Amino acid sequence: MPPAQRTIPLYVLITSQLIAQVIGTVSLVGYLSYRSGQQAVQQLSERLMTEVGARVNLYVTRELWLAMQVNRMNVEAVQSGAVSLQDLPAIEKLLWRRITLFKKLTTVIFARPDGTFRFVDAPDPTNHQQLRAGFTDPEQPQRMVIDLLDQFGNRAQRFRVVERMVVQERPWYQAAAQSQHLGWTQPFQIGRQPLLTVSAYTPFYNDHAQLQGIFAVNVSFAYLKHFLEGLEICAACRVVIVDQEGKLIADSGRESPFRITGQPDAKGLYWGKFQRLVPTESEDTVIAAAANHWQALPLQADEAIRSQFRVKQVSYWLKLIPLTAPDPQLPYPQWTIAVIVPQSEFMAEIAANNRRTVLFCLLALGGAIASGLWTSRRIGRSLERLAHATHALAAENFDCVLPTTRIREVESVAAAFRDMSQSLQQAADIRHNYQQNLERQIAEQTGSLRTELALRQQVEAELRVANQELKNRSQTDGLTAIANRRHFDTRIAQEWRRLQRVQQPLSLILFDVDYFKAYNDRYGHLRGDDCLVQLAQASQACLYRPGDLLARYGGEEFVLLLPETTQSGAIEIARRLQTQIAALQIAHKDSTVSPVVTVSMGIATVVPQAMRQDSNTEQEPYQDLIAQADQALYQAKQQGRNRFVVYSNIPCQKYRVSREPPLDNVP
Numbered sequence: 007m008p009p010a011q012r013t014i015p016l017y018v019l020i021t022s023q024l025i026a027q028v029i030g031t032v033s034l035v036g037y038l039s040y041r042s043g044q045q046a047v048q049q050l051s052e053r054l055m056t057e058v059g060a061r062v063n064l065y066v067t068r069e070l071w072l073a074m075q076v077n078r079m080n081v082e083a084v085q086s087g088a089v090s091l092q093d094l095p096a097i098e099k100l101l102w103r104r105i106t107l108f109k110k111l112t113t114v115i116f117a118r119p120d121g122t123f124r125f126v127d128a129p130d131p132t133n134h135q136q137l138r139a140g141f142t143d144p145e146q147p148q149r150m151v152i153d154l155l156d157q158f159g160n161r162a163q164r165f166r167v168v169e170r171m172v173v174q175e176r177p178w179y180q181a182a183a184q185s186q187h188l189g190w191t192q193p194f195q196i197g198r199q200p201l202l203t204v205s206a207y208t209p210f211y212n213d214h215a216q217l218q219g220i221f222a223v224n225v226s227f228a229y230l231k232h233f234l235e236g237l238e239i240c241a242a243c244r245v246v247i248v249d250q251e252g253k254l255i256a257d258s259g260r261e262s263p264f265r266i267t268g269q270p271d272a273k274g275l276y277w278g279k280f281q282r283l284v285p286t287e288s289e290d291t292v293i294a295a296a297a298n299h300w301q302a303l304p305l306q307a308d309e310a311i312r313s314q315f316r317v318k319q320v321s322y323w324l325k326l327i328p329l330t331a332p333d334p335q336l337p338y339p340q341w342t343i344a345v346i347v348p349q350s351e352f353m354a355e356i357a358a359n360n361r362r363t364v365l366f367c368l369l370a371l372g373g374a375i376a377s378g379l380w381t382s383r384r385i386g387r388s389l390e391r392l393a394h395a396t397h398a399l400a401a402e403n404f405d406c407v408l409p410t411t412r413i414r415e416v417e418s419v420a421a422a423f424r425d426m427s428q429s430l431q432q433a434a435d436i437r438h439n440y441q442q443n444l445e446r447q448i449a450e451q452t453g454s455l456r457t458e459l460a461l462r463q464q465v466e467a468e469l470r471v472a473n474q475e476l477k478n479r480s481q482t483d484g485l486t487a488i489a490n491r492r493h494f495d496t497r498i499a500q501e502w503r504r505l506q507r508v509q510q511p512l513s514l515i516l517f518d519v520d521y522f523k524a525y526n527d528r529y530g531h532l533r534g535d536d537c538l539v540q541l542a543q544a545s546q547a548c549l550y551r552p553g554d555l556l557a558r559y560g561g562e563e564f565v566l567l568l569p570e571t572t573q574s575g576a577i578e579i580a581r582r583l584q585t586q587i588a589a590l591q592i593a594h595k596d597s598t599v600s601p602v603v604t605v606s607m608g609i610a611t612v613v614p615q616a617m618r619q620d621s622n623t624e625q626e627p628y629q630d631l632i633a634q635a636d637q638a639l640y641q642a643k644q645q646g647r648n649r650f651v652v653y654s655n656i657p658c659q660k661y662r663v664s665r666e667p668p669l670d671n672v673p
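If you number the sequence shown the way the working numbering does, the last residue is 673 and the count never jumps.
Because the hints were derived from the structure by calculation, they are not lab data. These numbers come from a predicted model, not from an experiment. Some hints could be false.
Once the Cα atoms are required to be at most 30 angstroms apart in a straight line, the calculated BS3-like pairs of lysine-lysine come out as [as the list claims (entries may be wrong)]:
| hint | residue 1 | residue 2 |
| --- | --- | --- |
| 1 | Lys643 | Lys595 |
| 2 | Lys318 | Lys253 |
| 3 | Lys253 | Lys109 |
All chains, please: the whole structure from these sequences, using the hints.
Quick look at the structure:
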């Protein structure tokens, strides 16, 4: 007899196989899930910090840009003759209109080199308190009188008198006089108010390069603080803004960016010490730790930096984003935005997923053990009964009944002893053929359904593409690839209703090519079409905002729709359009105004109003605006072409003609 081999119980063999498979599979799935979660957290945190930084950057640059635009509008009002430098009450009224129109401005200022100046400010920009106006006279340039203003901008009540206020010592005046062009001051305290501000200044000069005056706008950091506190970010996240000296501008917490030793008096004036803070001195330990960490980082002037640090065994991600100007030609302060995000905000889900994986692994392991034991014991009992029966047959005990079982393999062994192998084989063949036929029929039906579904999806996709193409063609001019007259009519109706609700200005520039018929007669219609295409492309390049619309109005006539654009803004775009078209240098020998192609423009601006109910006209309310722009265009042609004319409703002055130099002299 061969030597006896060591046997292994059936339940051990089956259970060990199941346990090994379950542990290997669950471990692999858990590891892949953990790695995938790590990558997802990295991407999600980066996207969160980038989006928060972009929102803060957009808000800050927009508020700073508004201050510079107010200065520019004030300078243009003086240079255009709308107000006189000698008429200080009119300038004060201009400053009052600016600060009532742009609610987030803190102070609007004008100063002359002789020491006299005017200002209008809001003492508490977040509570909308009564406005104040200050003035000095040439006889006493150092004596400042400050009055409270009523709702119409008139002086209503004396607030206080400052016996010594030297305008040449103010930060914005010194910076403007030294740089001789527009810029920004370092943050400073506004007079005796407990407010931290930064000032945008714009000096302007006469033809002899002599300083005529300085316009300045103070922007309080209270609005930045309010914006950061209202950001919808996680509760433990922080956002901090610092200037180029590393001092605090604002943060998303409740801490002030400066420290005062007392409280303002009844008039809101503060007489104590005013000390700015750096982030490392913050009472928020996370901000202080982040500031200490980023001071050791190799900061780049125009690149964002991502890092991480720990505070009290808690890990944080940190991203430093330099303030990015939307217009690189305008000066902006060199500020930095710091976004701080705790890793626990994202790692908590990974930890929970790990716990669930371990729990599922233990449950699967327990289930595998139980299933293995139950299966092995059931098979073992059937085999033991069959072994007893075969021993009885070997002993010629033909009366022994072979046991039956639901396990197919054991039943096959029993059937072999009953000499029924042939019947079992026939039964197996029948069952196998039936299964194949059934699977083939199911496969044929499934293939037919898949083919029909694919064809239907293809037809639907082609229909969507065709509908989109039809929509685009109905709104686009076939020659110039810009909006057509139908699209323009739809947009101006929409913008009229929207601006009527918000009471914002709507400007329209209507222009066409000077002597375009003569151009077609000399160069041919193909060259004429190419000329219109070039003009459309150059005109489109003049529009920077997505809400502005360029459309072909008809023939060689184009129209610019400028929502929320004042008359001065429309004039600026008209000048830009003149420069762009001049740069094309399209020859036009039959023009009597210029050797190259030029355009005439009509400009009209209005704040949309609702049509009176007693009006009997059936035309759209914006038709008057189009008619005004068309009249201004006609006046531009009457005055010699190659210019723009602004329509005005001032009595006895229906048209205001642009005194700009001819196109050839426009820089």
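Checklist line | Ascending list of hint numbers which this structure does not respect | finding: none
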